[in-house]
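J.: Protein chains in written order, with this note's numbering: chain Z, 1 to 316; chain F, 1 to 316; chain X, 1 to 316; chain G, 1 to 316; chain D, 1 to 316; chain P, 1 to 316.
Misleading hints may appear alongside valid ones.
Pairs count within a copy or across copies, as identical chains cannot be separated in the list.
Computed cross-link-like contacts, EDC-like style, restricted to lysine to aspartate or glutamate with a CA-CA straight-line distance of at most 20 angstroms [claimed, not checked]: (1) Lys-28 <-> Asp-210; (2) Lys-271 <-> Asp-210; (3) Lys-232 <-> Asp-195; (4) Lys-160 <-> Glu-98; (5) Lys-137 <-> Asp-34; (6) Lys-136 <-> Glu-79; (7) Lys-313 <-> Asp-192; (8) Lys-232 <-> Asp-272; (9) Lys-28 <-> Asp-201; (10) Lys-82 <-> Asp-192; (11) Lys-313 <-> Glu-26; (12) Lys-197 <-> Glu-218; (13) Lys-316 <-> Glu-104; (14) Lys-214 <-> Glu-226; (15) Lys-140 <-> Glu-173; (16) Lys-214 <-> Glu-79; (17) Lys-313 <-> Asp-194.
Quick caveat, the hints were computed from the structure, so don't treat them as lab data.
There are 6 protein chains.
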Amino acid sequence: MNNYQPPSASGSPRFCNMGRFMRLPEAKNAEGLDFAILGIPFDTAASFRPGARFGPNGIRNISAMIKPNNVTMGVNIMEELKGADLGDVDVIPDYIHETYSAIEEKLTEVLNAGAVPISLGGDHAVTLGELRAIYKKYGKVALVHFDSHLDLCDTVFGQKYNHGTPFRRALEERLIDPSCSIQMGMRGSLYDPDDFKIAADLGFKVIPGDELHKITPEELGEIIKERVGDMKVFLTFDIDFADPAYAPGTGTPEVGGFTSFEVLQYIRNIKDLSFAGFDIVEVAPPYDHSEITAYLAANIAFEFMSILAYQKKKNK
Amino acid sequence: MNNYQPPSASGSPRFCNMGRFMRLPEAKNAEGLDFAILGIPFDTAASFRPGARFGPNGIRNISAMIKPNNVTMGVNIMEELKGADLGDVDVIPDYIHETYSAIEEKLTEVLNAGAVPISLGGDHAVTLGELRAIYKKYGKVALVHFDSHLDLCDTVFGQKYNHGTPFRRALEERLIDPSCSIQMGMRGSLYDPDDFKIAADLGFKVIPGDELHKITPEELGEIIKERVGDMKVFLTFDIDFADPAYAPGTGTPEVGGFTSFEVLQYIRNIKDLSFAGFDIVEVAPPYDHSEITAYLAANIAFEFMSILAYQKKKNK
Amino acid sequence: MNNYQPPSASGSPRFCNMGRFMRLPEAKNAEGLDFAILGIPFDTAASFRPGARFGPNGIRNISAMIKPNNVTMGVNIMEELKGADLGDVDVIPDYIHETYSAIEEKLTEVLNAGAVPISLGGDHAVTLGELRAIYKKYGKVALVHFDSHLDLCDTVFGQKYNHGTPFRRALEERLIDPSCSIQMGMRGSLYDPDDFKIAADLGFKVIPGDELHKITPEELGEIIKERVGDMKVFLTFDIDFADPAYAPGTGTPEVGGFTSFEVLQYIRNIKDLSFAGFDIVEVAPPYDHSEITAYLAANIAFEFMSILAYQKKKNK
Amino acid sequence: MNNYQPPSASGSPRFCNMGRFMRLPEAKNAEGLDFAILGIPFDTAASFRPGARFGPNGIRNISAMIKPNNVTMGVNIMEELKGADLGDVDVIPDYIHETYSAIEEKLTEVLNAGAVPISLGGDHAVTLGELRAIYKKYGKVALVHFDSHLDLCDTVFGQKYNHGTPFRRALEERLIDPSCSIQMGMRGSLYDPDDFKIAADLGFKVIPGDELHKITPEELGEIIKERVGDMKVFLTFDIDFADPAYAPGTGTPEVGGFTSFEVLQYIRNIKDLSFAGFDIVEVAPPYDHSEITAYLAANIAFEFMSILAYQKKKNK
Amino acid sequence: MNNYQPPSASGSPRFCNMGRFMRLPEAKNAEGLDFAILGIPFDTAASFRPGARFGPNGIRNISAMIKPNNVTMGVNIMEELKGADLGDVDVIPDYIHETYSAIEEKLTEVLNAGAVPISLGGDHAVTLGELRAIYKKYGKVALVHFDSHLDLCDTVFGQKYNHGTPFRRALEERLIDPSCSIQMGMRGSLYDPDDFKIAADLGFKVIPGDELHKITPEELGEIIKERVGDMKVFLTFDIDFADPAYAPGTGTPEVGGFTSFEVLQYIRNIKDLSFAGFDIVEVAPPYDHSEITAYLAANIAFEFMSILAYQKKKNK
Amino acid sequence: MNNYQPPSASGSPRFCNMGRFMRLPEAKNAEGLDFAILGIPFDTAASFRPGARFGPNGIRNISAMIKPNNVTMGVNIMEELKGADLGDVDVIPDYIHETYSAIEEKLTEVLNAGAVPISLGGDHAVTLGELRAIYKKYGKVALVHFDSHLDLCDTVFGQKYNHGTPFRRALEERLIDPSCSIQMGMRGSLYDPDDFKIAADLGFKVIPGDELHKITPEELGEIIKERVGDMKVFLTFDIDFADPAYAPGTGTPEVGGFTSFEVLQYIRNIKDLSFAGFDIVEVAPPYDHSEITAYLAANIAFEFMSILAYQKKKNK
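Please work from the sequences and hints to get the whole structure.
T.: Here you go:
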């Protein structure tokens, strides 16, 4: 057992002291940690419904319901790992480049301390800032990307930086290696009929939602593993990958999506990849109800933490 | 490219000028159009929760999120088709017969102009008014009906005209041919144990929800095609066909329903029928949350428009 | 036909006189009844979100939408059965032992009158009070338990009586026979990694959610039947068995759950067991929206009533 | 003390058995009663937002919070008066004339039994049906009318019967005497600039909202008393008299309105009039939040009941 | 009568065709108009809750309830004035300078056509763009500013352009004359204790909320008139001037505010000023309920339109 | 300036790191502090709507909007005072006596460290636990009590400890001196007609809501000062003192209440009393909307903190 345990619910009900992820201890920096929770409350780049700036707070509040044991994975994350909540990156609403600098700086600190960053968005634009820090630490990484949108636009509203463009920019900045990367769950109406082709031309593998509905989580796990190989992976999860019935609280929901159980299974089937970092983005609490979206997001982060614990336990 | 394009989201964010379906141009009449959007904001005939009078407004507002390309169908509806939003039929709350006249008149104009009417309800009673206009143009049509209810009651509350009776009336008025018609998704508790038998006795084919859950969308497509044959089809979609998790914003929701992905697939599998018209009914925004019901309804209309585009493209 | 019919919706719209379950007649006691509806509006024992005290009211209000025929089961519950709504047990908020006495007393009356109690919770702690009455009437019974949690904790917050402990207490009080009992749907993060093992050690059979997702409703029916054998059964259904998308209005929702259609099928596949009583618990209306949770709960109760009707009809 | 006491909250928490107004006993008819609660769940005639059909249920549910003593009035209504909840009039949605007959019949029964009817709407159209019954019992009465609208239109949507026309019809049917009647609180934008003049020409006294804001509740009491004289009075209260901040849950809210405290004071200052009946209308629960509108409505009914108790006590 | 009438509610219920302010006709430009409605759906500059981008849509939808006669003012705005809805300015989320250009260009067109611009925000940052256009037409104007905040910060988040800085920038750009300007209603906790002094030093007159509560609307009218003199006036109204009870749907609500009736009175008492333009800002529909905030905002715009009509009628 | 400053909003937007009151630093204990924020998330004792357990979290989240300067008081609380957020008392739901012990222990620590406790409820039962600690430190204190209820019942539901009984118990335990105490704002229907008399007989001074509406805040200040004299004061504020329009998010709202501006004024007029402690109770977030109730509560706490700052500044 380590010193980074949240309070026992037996002594402290879960609705006490809800301000941090899973009621983890707060920490000023990531020294000595296996993972670090970071909020990135930036939603300036949202193209439709804003509100993801309250995502980190929303996810943290309801994450009080999560307990440390992941039985499916066979691990207690709090026993295997040292983790803490480092609070939020001080973003600057309306000023995306200054915000990118703040994100990059904070993640760099975390990565240099040897911890895995687990970021809570914010809109999907924030991932570009994260990838810049990841790149400085690891060089190019593989992107494993769950989403209903490709986020590969060249411009949105005639502008280069937006929550629809981060991976186009990441590619141009050579932060990710498309030949090892995969995007899954894309669906819905599109501006450009060639979106999937464009992604392919850029070097990505895309499994559209329609196709993903036809394969099993195990099969998906194999496909991802083969694609990624030994590359270091950044896992980015846009909550709108899930169907609006399961995740109404988001900026650009898309029908025809996935259930919460499918979401859990997909993540559990990539438990052997080597992860550089993770984010869960686009949770917009003003559009959530009864916190079901935030709770799904919190569980996705928990599953990712469980993978880290599983790998640490296995390597003992 | 034609003159009926909505503004480009690149120049005009999707939350600008949201008042019309997919931000299509407004038109006074249907001359020269392939399809015409009509709102029918009538909910007087609702037997439980009213509110569908705000359905057209609710669907139009969130439809701003829909983009012109349907990749699954392989079409850009705005390039293939000329369409416009003709606004709402001026219904008269509390006066159903006067409202039926207004609906019939408006649809007749649209049909005579050679456009396919795409109507946004309103409760399901409005379909009777639409079918009267359809009949004047095409004679008897086949009804393809997705719903959790048969809507074949003789009377509700002891009265003949209500959202539970339109297809009984349509049959009596000989507007539809039951031998080519099909009703799908019916479920839930019933007043009359013989409802399905009554439907059969009236000549309809019914696939109750329980059975529909057992067959694939492709199989359903075959069944419908066989039933309908070469008849002109009116497609009527009651949003309560979907499960309340996916469509809470409706007047008489029913558990045990269908997912948004199933809904999309069912429609895509009837893309070769010959359609006289379409409506999506029973969206009640006061009971919706985060507009997930209205957005599903907007996508159903979009899939129907995609079928029209697919057929036009194929026939070039 | 009997005297316990609700008003016909033909003469009295379903939104008239909504205060009782399915608008059944009110009764002071259960004499002459086949089943008796009881509300148990106690939520003091909730460990996270309270609000289940308004569960009985919420379920009753929306139950007005349910009609008497269950076509899948082939029965009209109102023709086969005499039932009435006996109102609520007068619970004492904050005083769990006094409340247990009140529950036990009321259920004992119902059972002694020969009626099957159908209870609307309330949090899951109330089931212990019910089981005490059931035991006095039938001796040990088999527990058939749908839930996302085992509710087998020894203590919660260091205390013995809580909505997380009822079945541990029931076991200690020898009210149920674990060797004939089964718990299904458990999932989510846990405090104790050995929870499922503990349940097994206590003698229960547990089918965790992950496993349940892999078998059919028919297979589940067989497993339950085999487990239960000829024992008298108490069926307890925690609404959080369903996924939060289907049942957001509850105190401790858990992702990765089941659809409303699966819920209906599971119940229909145990229609040949011999039931001593039933409850549906943990509906928390302050967290519901558009009453979808309450309506699912009402339908679960309706399916249980349909089983009673089916058995009575079969045994005629 | 009489037999018509609601359960003591000491023995039965107020959230138990919430289905009737103030948890009063249910009664089949008004024999022996001083007052009778009636729901009239009709909202077909609403010109903007429907939903008032759920008004009686909404008001009844939250009325559980009201206790029997009105300290300001110095009375315990349950000790002075015998009252019961007679349930809802079986209205027929979409069929206003049939509904008027049902209302008239039910109120006639109540009036003939010697009880004062206290009706919970429903939209304001229902008052016409009530006034027809009142007229049969008492002849013409004085109307004391709190509202943000005059409801004196000749037609709405070109039709005679609607929630904007009841008092024009009542005047034409000679059910009320305008020379003893008064309308208060009218405000907001108007279709006809001469609305207030029309009301005056028809013989009514109108105190627009702007003027009412300038006088005290005591002064208003004097003005009403002088206007009404010894006439039998029907008090009709449209909840939209209150400002939307206090009563958001209504069909046609109007800014610039009155506070809940002003509402209570206005009613308390007419405690010496001779009342034939009362209704509170236009509560639309789908637009309410946290039941504040329904609770204000329940309190308005309670203040009216307190007047009845005060008069009975005084006359002992 | 002119050609710019909205449809009569008698022929077209108010819930039909809700997409434009008061259901006015749409126009491409302001030629021949007395006033032009413009939406400015920009909320990138919000410092706390975003969502005001949906303000124009929200205000337009509920404005359908407003009728053309203002009885207090004695005018029918539709008879006195020609007005139309010009739709939204095509803002660029996240790009404030590009958005300012778009706003300035659109307002310049309107002003050059001789119409008064009536703008629906959007957050308060948009007013700077409007004032730039106003200045090009009229030179420096007097600012009459209702708000709970001064919006005179030099920087927010270390940046110059934000919804907390527009009037500091306007002053620096010499768009407004502080010596004729007045700011009213400011209240709440502050970052800088000298905020009111700073405003005074910059030349503004400030009436904090605490003081405003002590004077009558008539007195306020006199104070404003004296301050403004003969200057052309831009009236900017931040909806958070009203108390959160009356206007919950806003980004930075402040307790201790004003009622809807006070708001109406304040505006009616400045009906003799000479107005260059008007905006109502900071309506955030995701935080509104039952549209009470949007409806108050729509009424504020209506009162402003009534002033224009009153002045035109007077000058005939 | 001291070390207990929250982060500057200029460097850290207010929606970053929202978990603590006004984003104050966290502290393990109260050593060296002027005041200490404590959450007491207990709502087991609520007699109607529970949910106040989420009150501390709800108040903390929205308190991020509060800034350090109170201009009306002329103080910057962060410059005058050292304060920190000590987190929540670890309550035990369902176990009121154990919870009282936990409250008493925690407050005793705070008081012994020389800090003023500022507690965020929780239901009103928690105040008894606080008063026990206060008594141990100061002996009997004067109670200054804003509320719509007296909370002086002997029993509720036949039980001694509940949110309706704390001040009866406090009196019996001789924790408060009724002859120096005052209760204000009581209103609404009552179980016992003699409630006000009982309070008087017990020695309290009561100013019912009806009377309070007739006097000015300044007059109230004088009355309180006279009543309290030099006694040490405990200020307890039940949010339901405010009208439901201003504070919908509470367990037992009462119409006829007070505005947010009145609330602020009442507190500002007692700025010269000598305070031993303070609590704000009964905020129930599940019933709040747009956080207006929680924000009012946060401002009430802020006004209290401003009094402490004002007194410290004055005494320098």
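J.: Look at each hint and say if it fits the structure.
T.: Here's how the hints hold up against the structure:
1. Lys-28 <-> Asp-210: neither (44 angstroms within a copy, 38 angstroms between copies)
2. Lys-271 <-> Asp-210: Classified as between; 17 angstroms across copies, 24 angstroms inside a copy.
3. Lys-232 <-> Asp-195: neither (26 angstroms within a copy, 35 angstroms between copies)
4. Lys-160 <-> Glu-98: both (15 angstroms within a copy, 13 angstroms between copies)
5. Lys-137 <-> Asp-34: This pair counts as within: shortest intra-copy Cα distance 16 angstroms, inter-copy 45 angstroms.
6. Lys-136 <-> Glu-79: Cα proximity of Lys-136 and Glu-79: none, with 30 angstroms in one copy and 41 angstroms across.
7. Lys-313 <-> Asp-192: between (46 angstroms within a copy, 17 angstroms between copies)
8. Lys-232 <-> Asp-272: Within one copy, since 11 angstroms is at most 20 angstroms while 47 angstroms is not.
9. Lys-28 <-> Asp-201: neither (43 angstroms within a copy, 41 angstroms between copies)
10. Lys-82 <-> Asp-192: between (45 angstroms within a copy, 19 angstroms between copies)
11. Lys-313 <-> Glu-26: Neither: 24 angstroms inside a copy, 33 angstroms across copies.
12. Lys-197 <-> Glu-218: Neither: 26 angstroms inside a copy, 26 angstroms across copies.
13. Lys-316 <-> Glu-104: For Lys-316 and Glu-104, the Cα distance exceeds 20 angstroms both inside one copy (31 angstroms) and across copies (46 angstroms).
14. Lys-214 <-> Glu-226: within (19 angstroms within a copy, 26 angstroms between copies)
15. Lys-140 <-> Glu-173: Within one copy only: 10 angstroms inside, 47 angstroms across.
16. Lys-214 <-> Glu-79: neither (37 angstroms within a copy, 30 angstroms between copies)
17. Lys-313 <-> Asp-194: For Lys-313 and Asp-194, the Cα distance is within 20 angstroms only across copies (17 angstroms; inside one copy 44 angstroms).
In this structure, the earlier hints numbered 1, 3, 6, 9, 11, 12, 13 and 16 are contradicted, and the remaining ones agree with it.
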